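Enquirer: Residue numbers (the working numbering), protein chains in the order written: chain A, 1 to 323; chain B, 1 to 323; chain C, 1 to 323; chain D, 1 to 323.
Some hints here could point you the wrong way.
Said to hold, decoys possible - The calculated BS3-like cross-link candidates involving lysine-lysine, where the alpha carbons are at most 30 Å apart (straight line), are:
(1) B:K233 <-> B:K179
(2) C:K100 <-> D:K229
(3) C:K179 <-> D:K282
(4) B:K36 <-> D:K236
(5) B:K179 <-> B:K236
(6) B:K179 <-> A:K282
(7) C:K179 <-> C:K233
(8) D:K100 <-> C:K229
(9) B:K179 <-> B:K36
(10) A:K179 <-> A:K229
(11) A:K179 <-> A:K233
(12) C:K100 <-> D:K233
(13) D:K229 <-> D:K179
(14) C:K179 <-> C:K36
(15) B:K236 <-> A:K282
(16) A:K282 <-> B:K229
(17) D:K36 <-> B:K236
(18) C:K236 <-> A:K36
(19) C:K36 <-> B:K100
(20) D:K36 <-> A:K100
(21) D:K282 <-> C:K229
Keep in mind that the hints were calculated from the coordinates and are not lab data.
From a predicted model like this one, the values you see are computed outputs, not experimental measurements.
4 protein chains.
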Amino acid sequence: MAHKNRIGNIFSLTSFGESHGPAVGGVIDGMPAGVKIDMELLRHEMSRRRPGHGAMASSRNEDDEVEFLSGIFDGITIGTPIGFIIRNRDQRPEDYDHLKNVYRPSHADFTYQAKYGIRDHRGGGRASARETAARVVAGALAKQTLSQLGITINAQSSVAVTEIPQGDTAGGMVSCVVKGVPAGIGEPVFGKLSSQLAEAMMSIPAAKGFEIGLGFDFVNHRGSEVLDKFVVKDGKISTATNNSGGLQGGISNGNDICFKVAFKPVATLMQPVEGIDSHGNKVTINPRGRHDACVVERAVPVVEAMAAIIVLDNVLINRAARL
Amino acid sequence: MAHKNRIGNIFSLTSFGESHGPAVGGVIDGMPAGVKIDMELLRHEMSRRRPGHGAMASSRNEDDEVEFLSGIFDGITIGTPIGFIIRNRDQRPEDYDHLKNVYRPSHADFTYQAKYGIRDHRGGGRASARETAARVVAGALAKQTLSQLGITINAQSSVAVTEIPQGDTAGGMVSCVVKGVPAGIGEPVFGKLSSQLAEAMMSIPAAKGFEIGLGFDFVNHRGSEVLDKFVVKDGKISTATNNSGGLQGGISNGNDICFKVAFKPVATLMQPVEGIDSHGNKVTINPRGRHDACVVERAVPVVEAMAAIIVLDNVLINRAARL
Amino acid sequence: MAHKNRIGNIFSLTSFGESHGPAVGGVIDGMPAGVKIDMELLRHEMSRRRPGHGAMASSRNEDDEVEFLSGIFDGITIGTPIGFIIRNRDQRPEDYDHLKNVYRPSHADFTYQAKYGIRDHRGGGRASARETAARVVAGALAKQTLSQLGITINAQSSVAVTEIPQGDTAGGMVSCVVKGVPAGIGEPVFGKLSSQLAEAMMSIPAAKGFEIGLGFDFVNHRGSEVLDKFVVKDGKISTATNNSGGLQGGISNGNDICFKVAFKPVATLMQPVEGIDSHGNKVTINPRGRHDACVVERAVPVVEAMAAIIVLDNVLINRAARL
Amino acid sequence: MAHKNRIGNIFSLTSFGESHGPAVGGVIDGMPAGVKIDMELLRHEMSRRRPGHGAMASSRNEDDEVEFLSGIFDGITIGTPIGFIIRNRDQRPEDYDHLKNVYRPSHADFTYQAKYGIRDHRGGGRASARETAARVVAGALAKQTLSQLGITINAQSSVAVTEIPQGDTAGGMVSCVVKGVPAGIGEPVFGKLSSQLAEAMMSIPAAKGFEIGLGFDFVNHRGSEVLDKFVVKDGKISTATNNSGGLQGGISNGNDICFKVAFKPVATLMQPVEGIDSHGNKVTINPRGRHDACVVERAVPVVEAMAAIIVLDNVLINRAARL
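The whole structure should be built from the sequences, with the hints applied where relevant.
Expert: Shown next, in the form of structure tokens:
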């Protein structure tokens, strides 16, 4: 349900913003009316995403103050679209002058140039992780809405590379569990919940893999070993094991929805790397500023936010499933 | 770019059909005018998907004759929507009478019932792999169009489980390579090509994992080990390694686009399994008919089809990227 | 909410078919599960649209038998997409050989050729009123669903031209009233119900004008003359007059929704007319076959069908308006 | 192609903002890269829409300064989404305290309350004409892009009510002509250009009627009187008359696209009117502040803006019509 810079159908986020432009932000459309927004919870989500959070993070100063411009009246959503902006306070565009005609390896410099014939070269532009701030805003509102419906989302990170020399980087994994989704959420065929979650997660910068339930490990097992047998508890049907990760045929079965996302190492190293200029000549790029050695801990609230957007959208769509 | 039973934006497939209803089929909208369709190539694609293809396949008789109802005139596409149907010739619905009020483990019986309060219980209904026939039709047309633009798509399967006892099943992996995509294809942020490919692949029945480039293995490497250095060859910029799988920032870089999809073992075993009835009582389900022991070989043309749909849609959308 | 050959968002119709191809048809996606379909009512709707219906109609033999291929099980909708086809039984394509390289005045021959560089020249192809058969099928299902929610739709036609000489044609007006829509249906700003109804009505072949409530006559009145004062009856708020046509700010106010659609005269005359060939030479086109002198009576069920599609879609979307 | 607060498909505007909240604004997605933006022209468009413009306008002080937050770099579009805001500088919310629990006749107060169960009562909230400022921003960018493709859009207003007593209001008509659209723009069936233009125009506050070409007057003519005969001039096919308004079958024929929009009188009178409170009691509402006696002159740039959005979107989509 994504198209260009929009994700979601009934509940959707359209986002905008380059990393070193005046602001990032977005429009949240389809927010149900009557939800009381806890701004303190929102700020907490934003702080989890912010650089400087986590052991291996950069010190870029992003206080990420969200200004809401519409759709919330006296602290309660009124059903109209919620416009919001987050000013980029720590722009320092001169840090990036040396990158004007240079393509860094494993960055989106070259691909954006190839696509548009023009780009904002400052710090990744639209391809920067900076845009995820807008996702966390929409996700925070979605999470608060889901919470009132008894649905909770929790993710956590793990890093496999045990030692990261000064100037190098690492990737990692984020595991996420969605609890409380009733059976019957998700759409058939192309609109499977697994399909939508995969799309949402793979849209996060640096995400390179997605799996649900046993995921890739399914290929090592026989069918008889991994069937999720039914159990009935307090009159509610569930499954004894959860190899499927909470979905059958792409539709929730009432069990926890469990998935994992793999992130590649940060491509910006704090050591000289070989790039190329727009004429095809090799150039050495020396590091400037400060950058994260590992983003996976900061990706945790982004994964939760994207999951919240998708699950809320599907919960709302499901209201039309029956007459 | 998927919503319920539709995928794609400018080039889209809306599909319909239950496994034991009169037919499956769909509408392909946005097919560019002027493409000569090779019906023999289409039939070849269909035969690759058909049961009975592959070493561990069922013998259900599906000759999968596609009837085109519009949009093609004298063998050439005319830009209008292409309606098509494939009759279900081997219905044998009585094979499924015993499943009317029964939920099979790791099937979508229970989740469809939970969602809609009603379902077609015959052989998986809408959740059956039968619906992938419509995908292969749309994919075949997309592949022929892409071929004229110099883009080719090839997938292959592998099975890790070496021995499958009589009555048990296995899953497997499908690896896919898309060659010839020019740099600049894909959209920013939510519309990343990786994001769309993940959505498309995870919508295939039994798909449980997706990764691009190094994928999950990225977490075992430092950033310095996996940067894709640029090379210039014949004036064309490319990369020496392809850990990223052909994309940076979700946009193609001109290198091959490489991804993998993991499929779980077939959930229908040819041995008695424990299910549950609609009252919550345990029931033993005895196998009837014949079913695939492994679908991964049949999934190969489906993976190619979905890749073709996504890539063609994005190639067309990209025509609007610049003035 | 229309895009190419699809209309509607949660409840949608994607249609296909040329007038002299094998069939027209479509896919209805988002039909709520649990609706019992009365096939006799459907046939009645189809017969109202059929040529030969009405005083000034052609005698083309279209018995318009609808074959449902999915989504309905034992006469009840199951929530999955409803594929359907209507065979074109009376093709006589040789009637149109003389039009192969000819553009008729006020027809879509030239514009389709300009757009696609190729076209099906037989009887209007995709631009023929034949495609409205698919609309009436989707509309019939929507009407039956709305009926269970207490919403009814009735249209009637009027013709202003009192005398139509043998071989000439006339247009006319269709007025439509939707009763029983509760207050609060419709979306803000771009998604106004008036906006969506206008889009839907203007998509009907030969439609050239749309107005709601007083419509164009509003410009002849002062504000003080046309305010719709509130009245309270049995505790329900309504309005004493209905100049606004049942909407304020694009959202229903509980009063009847009333609108009109203007249709131009049929462009196919039963007398010689001057056209042009693909080389730009003038040609005289002599009439063949039989054609309607006035379509406005046949447009009545199409107007009702389009209204039903839009209203049902919005009723379903509205279920997500509040938490 | 509209859904809730978004319009357009490849080129789209998602807008937000209540009349007396902090700001209105939006996100323009799909703007082609490489368009130089003339900010002076933009300001000119904004000034045409502003209250105080026109003979019968209110004196609300809206200087409508547009702040662009992304997507434009060194004055040139870069293909990424364009976020923008316009602060509401003249809020005076206390002017509206008396309306908190009151529904004004022929306003959207009651319908928004019925839909969402909550509303921003200050000055119309989301239903205010204030939101059209965002449309004019997107339209200005679209117009500048179309201008480079040789397409121009011009509208003008007319008022039929000759005398408007002090405190009363009038509606009027806006006629619009789009010149330079090549033949072949627009989509079949539901995506007709006439259909999309109608949707866009009817989404403008107070719009109650739309017609294209002869429109409603078509019903007074025989077919033989209104056929648009072809003419060939300098090798280019066009039509001698333009009763159809530049479209056949919903697709442009190369002639001017001509349509009209009818606007109802402003519903806010500067005299006491009878409303109703939330308990159903009649209340007299005395006017406060200053309001327009006629908006039709201010609607002119909004009509042009909406036409520009639709035409640009369709020009871009048409690039995918052929291989």
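Enquirer: Could you run down the list of hints and mark each one as holding or not?
Expert: Hints, one by one, checked against the model:
no. : hint              : result
1   : B:K233 <-> B:K179 : holds (17 Å)
2   : C:K100 <-> D:K229 : holds (18 Å)
3   : C:K179 <-> D:K282 : holds (26 Å)
4   : B:K36 <-> D:K236  : holds (29 Å)
5   : B:K179 <-> B:K236 : holds (15 Å)
6   : B:K179 <-> A:K282 : holds (26 Å)
7   : C:K179 <-> C:K233 : holds (17 Å)
8   : D:K100 <-> C:K229 : holds (18 Å)
9   : B:K179 <-> B:K36  : holds (22 Å)
10  : A:K179 <-> A:K229 : holds (19 Å)
11  : A:K179 <-> A:K233 : holds (17 Å)
12  : C:K100 <-> D:K233 : holds (23 Å)
13  : D:K229 <-> D:K179 : holds (19 Å)
14  : C:K179 <-> C:K36  : holds (22 Å)
15  : B:K236 <-> A:K282 : holds (14 Å)
16  : A:K282 <-> B:K229 : holds (10 Å)
17  : D:K36 <-> B:K236  : holds (29 Å)
18  : C:K236 <-> A:K36  : holds (29 Å)
19  : C:K36 <-> B:K100  : holds (20 Å)
20  : D:K36 <-> A:K100  : holds (19 Å)
21  : D:K282 <-> C:K229 : holds (10 Å)
When the structure is compared with the earlier hints, no violation turns up for any of them.
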